[in-house]
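Assembling the complex is the task here: the two chains are given apart, and the hints tell you how they should meet.
Here are the chains, one letter per residue:
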Amino acid sequence: MKTEFHFRDEDLRLGTHLVDDLDLDSIDAVDLAVRVEQKTGLSLDEADLKSIRTIQDIVDLIDERL
Amino acid sequence: MDQLSRWARIAGTAISFAVFGIGGLVLALLCLTVFRIVAKKPRDREERAQYLVHLAFRFHVWVMQRLGVCELSVRAGEGLHVPGGQLIVANHPTLIDVVLIGSLMPQLDCLVKTDASRNPFMRAVVRTAGYVPNDLGEAVVEACVARLQEGRSLLLFPEGTRSMKGGELGTFHRGAAHVALRSGRPILPLVIHCTPRALTRGQHWYDVGDRPMSFTIEIGEPIDPRRLTRPNESRGVASRKLTAALRDFYQARLYDRAGRGAGDAFQRRDLQVGHRPDEDRVPFPR
Chain S
2 MKTEFHFRDE
12 DLRLGTHLVD
22 DLDLDSIDAV
32 DLAVRVEQKT
42 GLSLDEADLK
52 SIRTIQDIVD
62 LIDERL
Chain D
23 MDQLSRWARI
33 AGTAISFAVF
43 GIGGLVLALL
53 CLTVFRIVAK
63 KPRDREERAQ
73 YLVHLAFRFH
83 VWVMQRLGVC
93 ELSVRAGEGL
103 HVPGGQLIVA
113 NHPTLIDVVL
123 IGSLMPQLDC
133 LVKTDASRNP
143 FMRAVVRTAG
153 YVPNDLGEAV
163 VEACVARLQE
173 GRSLLLFPEG
183 TRSMKGGELG
193 TFHRGAAHVA
203 LRSGRPILPL
213 VIHCTPRALT
223 RGQHWYDVGD
233 RPMSFTIEIG
243 EPIDPRRLTR
253 PNESRGVASR
263 KLTAALRDFY
273 QARLYDRAGR
283 GAGDAFQRRD
293 LQVGHRPDED
303 RVPFPR
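Taken in order, these protein sequences are the chains called S and D.
According to my numbering, the first sequence is numbered sequentially starting from 2.
According to my numbering, the second sequence is numbered sequentially starting from 23.
If you're looking for bench data, these hints aren't it; they were derived computationally from the structure.
Among the hints, erroneous ones may be present.
Here are the simulated DSS-like pairs of lysine-lysine, each with C-alpha atoms no more than 25 Å apart in a straight line [stated by the list, open to error]:
id, chain 1, residue 1, chain 2, residue 2
1, S, K40, S, K3
2, S, K51, S, K40
3, S, K3, S, K51
4, S, K51, D, K135
5, D, K187, D, K135
6, D, K263, S, K3
Just so it is clear, the structure is predicted and the values come from calculations on it, not from any experiment.
Excised from the complex, chain D in its bound form (with noise of 0.2 Å):
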């Protein structure tokens, strides 16, 4: 029966990247035809393109759900839709971890890889949905800081790639502690929780575990730079120790009190993170 399942989710999974291609060639043409009549002015284009790729990221979730793929459910907490654009950060263990997110919410900004839009539906979804090119250094702290300034959300991975092989958080990048600092907003941190490991770096993707990948999104408290830092500090002091605390954080949310990997505890369902009882628990979709 184990092997069934497998061989299910094996099929799941290859359906699931199929969906995701053919997803990609409709929203680029949407975004190449109807959106250029549509819309005229680019920051409308790019409004109702990233909520397309939204209902996109939930559509997709939902077929992986259907597949026994995965399983999605969002420790509820605060935050996630204040108005006014939220700076976002999240560890990075698989390669779904934007559809995910993007599944949670209607408007995301997020920086991409320039190289990336080697495919041509990419490019087209990308450049219309206004998303931040991942070029270094000031120009990309500075275009993330304007997206906060109009009020958009944005969504920074700290480790700048997905986690290592066994799971252990990769460094952490300070390009979100310098657009924090810099706008003066605080830091929304998600954690990723999951569970088997599957889609990590170093898997093929045909590595699906035994059981459906069971993913658990927990939304952290806020992290206020202005509480971590002096004004008076020189930017690179101040990263510094904005960036530490982060991983601090996603250190002791990600693995338990003895200091174990989050794989240890999670052999043991009734430990499984998420699943106690007096937290409230909310299943996806709603």
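Pulled out of the complex, with its shape left as it was, chain S reads as follows (with noise of 0.2 Å):
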């Protein structure tokens, strides 16, 4: 998330809303996505892109399915 979107360390954290807080775009979930598939080599689909609203539940979602 620092490369992509140059967001600073004290800015992240485990309750941060990625909407709320990180005023991340439709855009930008789609290049999330792809960077957590390239790193974790999971495929996430639709309804997972749908349910994940903070850092923590991108955390949650990787630590299930790895």
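See the structure below:
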């Protein structure tokens, strides 16, 4: 997330809300999903993307799947 | 006298809304009948429909001027009628911004809310004109880029909706930046100055102000995305940079150097943007 969007470390917490706090739009969501897929080898579908609201959600999802 | 002129302008505004409604009906009928026969190919029909919308908007602006509801002038600048399709961006202070800009351009694509097409007349015109439906995400960006590549001009409002009540700029969404980056086209920024404020968000249609709305549309210098972003940057970063630059441009144009709101400066007519004697001011229609 830092490379893709140039967020700072202090802005990224587990509870950080992707849309409300980080102002991610639908195109960012696609880019984020692609990066996650690249890094983890997982493949995310639309339902997954819809359920992700915070950074914690991403972590949980990856945890579940790996 | 002031009260009289206010009532006259309220009546004028009401008539303008009626004209718009009737105009929509006429356009819809034309789109559904004559156009089907005269223009077989969808692309032809879209061009004709957009041209008709342009004529309708010009007429509408003329009506509003005759009724004393508004005045419109364009601060002359190059770039509006360059062939090949322009990516045009504008701030969005009032309800009639699309009408004003559309009156200047014989062909103009724009985004339309999918639910605005609840009105069957609007739906018919929108569909025939081939405007881009505002669903979310990649699909919209792709559709916009395609329009530009076909040589069609496209109007986007980064604020997405009308500016805030007090006249401050709303949040700038990054869609226009994405379209600019993906198409490689420069952004042509139009600045809509409007004083006094009427038909803005949070106002009733009858809040007509103490004198006719005076619109000045300023055509800015094209903003080249390649000069503001690096080729290997992620589109998340690039679109944010470009959008921030765009917002800064509008912030600077709409508010004077002292940082006061445009409303303050406009209290004194001589400071009104567009009234500087050395500017080349083109009254509309020409």
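Hints, one by one, checked against the model:
A hinted pair counts as satisfied when its Cα atoms are at most 25 Å apart, and K40(S) with K3(S) qualifies at roughly 14 Å. For the given pair, K51(S) sits about 20 Å from K40(S) by alpha-carbon distance, which is consistent with the 25 Å threshold. Note on K3(S) and K51(S): the hinted pairing holds, with a Cα-Cα distance of about 22 Å set against a maximum of 25 Å. This hinted pair checks out: K51(S) and K135(D) have alpha carbons roughly 22 Å apart, not beyond 25 Å.
With a CA separation close to 21 Å, the supplied pair K187(D) and K135(D) stays within the 25 Å bound. The suggested pairing of K263(D) with K3(S) holds, with an alpha-carbon distance near 15 Å, which does not exceed 25 Å.
Violation of the numbered hints given earlier is absent; every hint is satisfied by the structure.
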